[in-house]
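S.K.: Use these hints to put chains B, C and D onto chain A, whose structure you have.
Number of protein chains: 4
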Amino acid sequence: MDSQQGTPTLGVGMVGYAFMGAAHSQGWRTASRVFDLPLRPVMAAICGRDATAVRSAAHRHGWAAAETDWRALVARDDVQLVDICTPGDSHAEIALAALAAGKHVLCEKPLANSVAEAEAMAEAAAEARARGVVAMVGFNYRRVPALAYARELVRRGRIGTLRHVRAAYLQDWLSDPEAPMVWRLRREQAGSGALGDLGAHIVDLAQFLVGEPLTGVSALTETFVHTRPLPAGTSGPLSSGAGDRAPAEPGGARAPRGQVTVDDAALFTGRFASGALASFEATRFATGRKNALRIELNGERGSLAFDLERLNELEFHDQTQPVADAGFRRILVTESEHPYLEAWWPPGHGLGYEHTFVHQARDLVLAVAGGHHAEPSFADGLQVQRVLAAVEHSAANDSAFTPVPAPPEPALTP
Amino acid sequence: MDSQQGTPTLGVGMVGYAFMGAAHSQGWRTASRVFDLPLRPVMAAICGRDATAVRSAAHRHGWAAAETDWRALVARDDVQLVDICTPGDSHAEIALAALAAGKHVLCEKPLANSVAEAEAMAEAAAEARARGVVAMVGFNYRRVPALAYARELVRRGRIGTLRHVRAAYLQDWLSDPEAPMVWRLRREQAGSGALGDLGAHIVDLAQFLVGEPLTGVSALTETFVHTRPLPAGTSGPLSSGAGDRAPAEPGGARAPRGQVTVDDAALFTGRFASGALASFEATRFATGRKNALRIELNGERGSLAFDLERLNELEFHDQTQPVADAGFRRILVTESEHPYLEAWWPPGHGLGYEHTFVHQARDLVLAVAGGHHAEPSFADGLQVQRVLAAVEHSAANDSAFTPVPAPPEPALTP
Amino acid sequence: MDSQQGTPTLGVGMVGYAFMGAAHSQGWRTASRVFDLPLRPVMAAICGRDATAVRSAAHRHGWAAAETDWRALVARDDVQLVDICTPGDSHAEIALAALAAGKHVLCEKPLANSVAEAEAMAEAAAEARARGVVAMVGFNYRRVPALAYARELVRRGRIGTLRHVRAAYLQDWLSDPEAPMVWRLRREQAGSGALGDLGAHIVDLAQFLVGEPLTGVSALTETFVHTRPLPAGTSGPLSSGAGDRAPAEPGGARAPRGQVTVDDAALFTGRFASGALASFEATRFATGRKNALRIELNGERGSLAFDLERLNELEFHDQTQPVADAGFRRILVTESEHPYLEAWWPPGHGLGYEHTFVHQARDLVLAVAGGHHAEPSFADGLQVQRVLAAVEHSAANDSAFTPVPAPPEPALTP
Amino acid sequence: MDSQQGTPTLGVGMVGYAFMGAAHSQGWRTASRVFDLPLRPVMAAICGRDATAVRSAAHRHGWAAAETDWRALVARDDVQLVDICTPGDSHAEIALAALAAGKHVLCEKPLANSVAEAEAMAEAAAEARARGVVAMVGFNYRRVPALAYARELVRRGRIGTLRHVRAAYLQDWLSDPEAPMVWRLRREQAGSGALGDLGAHIVDLAQFLVGEPLTGVSALTETFVHTRPLPAGTSGPLSSGAGDRAPAEPGGARAPRGQVTVDDAALFTGRFASGALASFEATRFATGRKNALRIELNGERGSLAFDLERLNELEFHDQTQPVADAGFRRILVTESEHPYLEAWWPPGHGLGYEHTFVHQARDLVLAVAGGHHAEPSFADGLQVQRVLAAVEHSAANDSAFTPVPAPPEPALTP
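Residue numbers (full-length UniProt numbering), protein chains in the order written: chain A, 1 to 414; chain B, 1 to 414; chain C, 1 to 414; chain D, 1 to 414.
Here chain A stands alone, though its shape is the one from the complex (with noise of 0.2 Å):
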């Protein structure tokens, strides 16, 4: 039907079908139903190792095809969007296939497990954009509406001089100290803990709404629990190679434990280079908080703030007005006139954290179908990057400040 009505298509393979890969299949259905699309998504082919569970997971979510090796799924002449959703472990292999293979990539976030990894991609992003090839990197909360008018109050000066930028990624899942071995409590496969699954969102938030790059941080990291239990049947990598076991319940056998080699919390404190001060944290031990995505910027004509809990809503201080008259002001963010919100529903009836996923899948098809730069790019992926290596580098030194190399190109750009 998409030729008879003249819209081409884009044809999207996905690496990946967890937490993630369910997320992303919600954008591609979803997108080319809200927003009007220069090319209309295809989900073409979905790739996982174990066959009998991607096709299921093909049938669930809605893509023509299964693959069990990835580089028969860039190599697919119907694929020409290669959207990687695994463990960072696996991103530069796949990205740096995908983007020589001419193909356009989304990569999850965080971009890699290494710096090193890190520039290699956006290296090869870098050249591959010069023949049109686009990439992006999967942080996801830029889209969320809210922050992406956040943005645009601060690019109009609605917040004039910065002073600070507070931000933390508080959640809870692990402040039991029995919950399960998981793969992102292993160093092999995650690269870090709470600092690359949560701190890499509030770093790249923050550089995104202030719009210049963190020059240096100081940190503490800390694991409060060393090993958890495996679940039931588990060998391979989460299983810890010594072996050793914890006491189950009273009396009963003990159930064998793996090792956490990730950080459970990072704290940190920077300086961006107009001179704001910028704290950070990210943790899973906030008990009571589930999502709690909190960034706050305080300028001289007016403050920001934000929580992913309340996703519809922002805060918005106008220093301007007479001080009688002001307060921080609950904005719903579901007015037509709000980024992403024409589409959707009248004001008021909110959206969820899965229309983030529509939102990047609408945009990095525009930029696809208009041949321009996506954001974040790979460059923007690695310098996040850079910043939580800084940020391990100060925290193994005593909190020593650490320099964040300036970023390798103008990224951070409008």
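Hints are computed from structural coordinates only; laboratory data are not their basis.
For the chain C half of the interface with chain B, some residues (derived, Cβ under 10 Å), not all of them: (1) Ile159; (2) Phe224; (3) Glu315; (4) Thr402.
Glycine is no exception: its CB is placed at the ideal position from the N, C-alpha and C atoms.
M.R.: Okay, now just chains B, C and D, sitting in the frame of chain A:
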């Protein structure tokens, strides 16, 4: 592919393609992607009077075919379920025809524009049910997880003997007296104004949460602004017969205005059979309130409070806790233990407005597949209609307390 | 020392020393310490029937003398102002005597237990005023800075043509059916229940903020719990004549119970002369709501919202701002530009409940010193009484809309 | 009258009469009116350098006598307790003299401008205590009922093993770069800027709530605005030595400016002995935040959160509840079961900022009367001073993690 997978299908035909049409389409498209359903909804055909517009809507929303006559849609072999998203004045005719043809029916709220129509529909639904045909009214807010969970808490006795229900549905899109004329402001099409559009929702929710019907009401209604500018080029139903014209900008021509023939706001108090008191307010003039459907229940053992502008949250006060520790707690209704949530995202990753339509589609499919009763039933919709009629009667009679006839069958049962 | 300082004094005599007595004492003791006043209040004498208790109260609260007969208090030469903090059944007698004796009067709300008493009081106050004698009713919440500021904003046209007033005063101290009997639950002393105690406040505030009187009301009232256990050793007014006894703990003796003869809750709707609609709810059964006096005004140009549980805050929505930037802003009413605040602490250092009594004392002293009208006047109190009477009339007559007579003089004027 | 009543008195002499002097006066005047105290505070004398101003303050606040030399105040026979409300540079000298003279001492925070001074004061207080003399530091926020109750909950194990403390004290009175010069911006008088003024409070509160000291910190500090306009007619301490003058409005004369020699903001992270992580931020540039002292604790069994802008509320999350029912509950800390509240108003009738000084006076009087230890002690004040010194050291040394020496005695004990 479905037959290969062994999942039988359910052909859906939808009448109407405006706001509700878009929302229902999201529901039908997504339900089987997220939930394990015994029947897979297939978006067979969509119907509207304007052939070009309905074809465009079909393409946009993903319906396989387009019809311009709802009778043709109802008659299609590939349609087993008719989803009615038109204004209230056509609900009865379409629903009765569909039920007579043995089709399952989902009908948008309010069920009808009069009690007589609603009675005929409820009777037809009761008869159809004996033949295994399912009918449901689209009071989608019952499917907000926080409200579904509130119902569970009430059922479990967590708030005890009920004393108060406090309900309001506040919008502000008419607070500007120059906001233009629309069909929702014409009695012939909409039946009533804020009362039927917003009041119907809070009456249904109150009866749903409490689990018993209202026995009587006392009401005030008001139309604050009696004429409104007609959109350019309007003729027919929206224009006022007398051709009255309002002054335009100073010195300019007078813009034609249409007559508002429905209420702008309705306030009413009521009683439940068990003796609890209730207050209701439905208005489109609550400046700054965009979609504030608020409901609070106070019982001897606890209280519940909800605001649709923060739809992922439920406030619960447990009076059985020690007084020094008690307070309204903000439950983020995003845990896998909460209604509908197991199929969605991790804790704290909120849902949006449209998810209520996914849940509605899921629940209706389950009822069709299982051959059981669907709620809210047409009898529930009739009961709401009777309350609305009593409100209008009271408002026309000096606010005299007006009894609401008891439900015609054991409605509102679990 | 005062005479040395050249500040003349104002001798105050207070009748009653329970909750309100303690609060008023704080007001009289503090007013001249914080505000520059032309007259320095002197706490001359306190009056109560129990000689021992009143002497103890005098010592505790800092009153120079104690009396056991209010007539003696009124007659004292060192008393120029009589502050009446007794239950409503004695207000009229004391106030009339005090005014006749040329004493200024501050009378707790509600002004009286009947319209007839209130009329006599308002008449006496009008006559006294001609002789330079000042009378004020203790609707202390007008002196919450946030509400005083709300009045200013309304006066300045910041909310424009009014459409809605939404007022509730929610408490929960009776939600336990075994909460004991107190004088506030006996019609003879209290006049009415939640209606006169809580409803009077929100009626006064609504009329104060709007600046015009209610023209009619429609009401429901209810007594949920008809008998309550008498405190040990109770006899006389609190015990029920018939000597009914409730069952105590299983197997135990039956505790004597008293009859509740007032409303537990009152719900009413109303209209203002200008056409705005209003809703009111006063209850002592709103479980978990401790002192939630809430009032919201919606106008064409903006809205205001307040909750006494957060008394330092006022929410203001400015509809004249661009829609993308608009939202309810939380004004911390603690700036020196706000009413009463210049005399207090730096911004953000909040006030409490009792400060309303300091402000009340200040405003009354200024009126006495300046010889001008004090608000809320007895005429304002009478107007509230008429609304309460109309509420009771409507509730007794099937909620029939009941007009409220217009104020007897240009009341509610600035 | 007191002797007649048999209540012995405690003569209080206060040094300083600005903001803190007014607040402490309220405390001394009110404490025995609200609480049953074994000693009745008598406001004997107030001291300040300007004879006219101090006499006026004495009259305003109700002090019986005025002195211009603090040594004379300390020497007065009718003064048994010296209350020091001066800037930090005079705390040590006055406190040491008062303790040497056998007078009880209440000293405003921070205890001193240097660790050396604070050590001398703590030593003198320890010696004095052996003679029955009591010394307390004015960390008044420990006496906010919500925070006192938070301490109770921690002590009872309601939050379990602690993981995180998140503390910030946000004000904005310097966010305008043209806000004028004041003594608080001069290192000689104030010791430090936001750090000592605001940071001291959150460090004390964190250690108080947790019940153990910080063991080390890593810090960034910043002065955003280096010169500020001098108030008209300023000479001496506030003027900058070099007589630098800032440009005034375009074309106008230059206004003289003074040098800011303290921090505008301080950010630091830290560790507690038990392994919990902490973050702190103190700033006067958080535009729109007026007095936002916020502190949150996350433990294995629960969390607590507080914001001074809503000082009657404490948020508590109980992780031991079923996950579907759990959430941060807003406890209105106004029940008679809560600390200090039995003496005040009914539930929901909130307190204000100044009540902390009433509670402080009460607790100090109880300690003096009972001859027991008062908290926060000078040792507690010294411990805070050591943290502040470590913060400054870290900030001056590239944010290097800087240990805080352990307390000199079993401080922070219950």
